[in-house]
Amino acid sequence: MAAGEKVITVNVDKCIGCRACQVACHVWNNTPAIVTGFSPSFTNPEDLTPHTWTIMEYKEIPSGDSVTWAIKKRQCMHCSNAPCAHACPVGAIEVHPSGAVVIREDKCIGCRYCIEACPYDVPRFDPVKNKVYKCTFCVDRVQNGLAPACVAACPTGTLEYGDYDELVAKYKREGYEVYGDNVNDYVGRTHYVYVTKRWKGKLKEYFDLPADPRRPVIDFNNKVVKPLGWGLTGLTLAALAAHFVFWRAKRFEEKKEEGGEQ
Amino acid sequence: MSRGDVEMREVEAMSESQIWFHKHLIHFMAAFIATGLPQIWPEQFGWIALILGYPLNVVVGGDPYSVGIAVARWIHRLAAVGLVATMIPFAVKQLADIGKWEIWPECWSPSCFARGVRNLVDYYVHKRHVEVGKYNLGQKLWTWIAAITLVAMGWSGMVLWFRDSFDPSLWALAHTVHDIGFFIFMIMLPVHIYLAAVIPEHRPMVEAMFRTGKLPLEYVKKHHPKWYRKIVGEKE
Numbered sequence: 279m280a281a282g283e284k285v286i287t288v289n290v291d292k293c294i295g296c297r298a299c300q301v302a303c304h305v306w307n308n309t310p311a312i313v314t315g316f317s318p319s320f321t322n323p324e325d326l327t328p329h330t331w332t333i334m335e336y337k338e339i340p341s342g343d344s345v346t347w348a349i350k351k352r353q354c355m356h357c358s359n360a361p362c363a364h365a366c367p368v369g370a371i372e373v374h375p376s377g378a379v380v381i382r383e384d385k386c387i388g389c390r391y392c393i394e395a396c397p398y399d400v401p402r403f404d405p406v407k408n409k410v411y412k413c414t415f416c417v418d419r420v421q422n423g424l425a426p427a428c429v430a431a432c433p434t435g436t437l438e439y440g441d442y443d444e445l446v447a448k449y450k451r452e453g454y455e456v457y458g459d460n461v462n463d464y465v466g467r468t469h470y471v472y473v474t475k476r477w478k479g480k481l482k483e484y485f486d487l488p489a490d491p492r493r494p495v496i497d498f499n500n501k502v503v504k505p506l507g508w509g510l511t512g513l514t515l516a517a518l519a520a521h522f523v524f525w526r527a528k529r530f531e532e533k534k535e536e537g538g539e540q
Numbered sequence: 134m135s136r137g138d139v140e141m142r143e144v145e146a147m148s149e150s151q152i153w154f155h156k157h158l159i160h161f162m163a164a165f166i167a168t169g170l171p172q173i174w175p176e177q178f179g180w181i182a183l184i185l186g187y188p189l190n191v192v193v194g195g196d197p198y199s200v201g202i203a204v205a206r207w208i209h210r211l212a213a214v215g216l217v218a219t220m221i222p223f224a225v226k227q228l229a230d231i232g233k234w235e236i237w238p239e240c241w242s243p244s245c246f247a248r249g250v251r252n253l254v255d256y257y258v259h260k261r262h263v264e265v266g267k268y269n270l271g272q273k274l275w276t277w278i279a280a281i282t283l284v285a286m287g288w289s290g291m292v293l294w295f296r297d298s299f300d301p302s303l304w305a306l307a308h309t310v311h312d313i314g315f316f317i318f319m320i321m322l323p324v325h326i327y328l329a330a331v332i333p334e335h336r337p338m339v340e341a342m343f344r345t346g347k348l349p350l351e352y353v354k355k356h357h358p359k360w361y362r363k364i365v366g367e368k369e
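In the order they appear, the protein sequences are chains A and B. The first sequence runs 279 to 540 under our numbering. The second sequence runs 134 to 369 under our numbering.
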């Protein structure tokens, strides 16, 4: 574990969907509340926006003869191998030692390459400011030794903040199913980790957590197109240089022969 | 045209419109590459972004690197507009002369293709004169690949520029197609420049492409015997 690597665990068994985290996020980050609306779901706002960096998603799941809610706090997952950071052409997305993946507003040019690369569909583009926004892991609080605002506001203990390996190990020891500590090569591990005992074996299915989060085309571009492209470009230049030497030698030979004939 | 007449003349290898378009193509390609490199490989070519962004950032505010990349993206787009604007009159002129194009395959059989490859090896490796027309197999393939790649770059560039008008699922695909196109040109352009301009024997072609449009008939006879016979009306 990198020194100071942190995690926020989401114990979905405890979540009551009060949205205190959602409100705290707005308050701490000074992002405006948006007009809410009616929808078939209790999720409100229905999706992340440039100013709403976390939402509670309500999903009906089977429970005996009836149904119940799986309530998921959704936000940036803060991947250790952040594909958004790799995709950013101006280095505006920084991965902090704490694990926080932060978009620097002053550097962002609004190209939206990060949106293309994110397998969790998180960053949101603000056309007015021409910038992309998402959860910051409250990096300003974390760097000052405080827990992120959502964690501080959670009344049920659903959200816990602490040292990565220590906290994840605790939940594993206690028999929880864990999502996020070792996801795949595309995202690495996430610094938001979901845990459950109640829905053990169904965590990914009920909470829409992909087993292999990946943008295949971007992955192909990074792993095949770019290395192969640069490799072939280099080989071509080397082959042309070799041909140049070979061609000159042939020309000298020809000139010598012509001279000999005369 | 009698044999005696043509012996005194030069052959028109490039039309005025081809010379004009080729010159502008060089400007636009230089702009594309210079502004594309810092976007695709910032670790190596980020300095281009810094050159473009500083001291402009003092005026517009913001990080010099980010400003540089933003400027690079706009130059990239303006170059694309310029290229399209240049390409339209050129394409109209070329389509009018489609009957004179020399880039069609001479035949389609595998043995014919193998003969074309053998000709390439004989010419570029063994330095022998071979039976080719105005363009050899390599030049024809190059032209077709370049044309198809340009179309792909145009499509993917449009998606990336006007992304709000396209489905987000297309963005990553367009990005990757654009990158593939970039590498195709990064491989093909040095080959083209080297074979056309660096090999001393091909200097008359450079002269024709950039200045006169004409080639000495002796050169054509030596390097493009089939084309020569076509010109002088000699039956093969």
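These are computed hints drawn from the structure, not numbers from a lab. Remember, it's a predicted structure, so these values are computed and weren't measured experimentally. Any given hint could turn out to be false.
[Unchecked claim] As a list, the in silico BS3-like pairs of lysine-lysine whose alpha-carbon atoms are at most 27 Å apart:
1) B:Lys363 with A:Lys533
2) B:Lys354 with A:Lys528
3) A:Lys533 with B:Lys156
4) A:Lys528 with B:Lys355
5) B:Lys156 with A:Lys534
6) A:Lys534 with B:Lys273
[Unchecked claim] Under 7 Å between C-beta atoms, here's a sample of chain B residues computed to sit facing chain A:
7) Ala229
8) Ser298
9) Ile313
10) Leu350
11) Glu351
Note that the Cβ used here is the ideal one computed from N, Cα and C, for glycine as well.
*Numbers of unmet hints, in rising order*: Numbers 1, 3, 5, 6, 7, 8, 10 and 11, in rising order.
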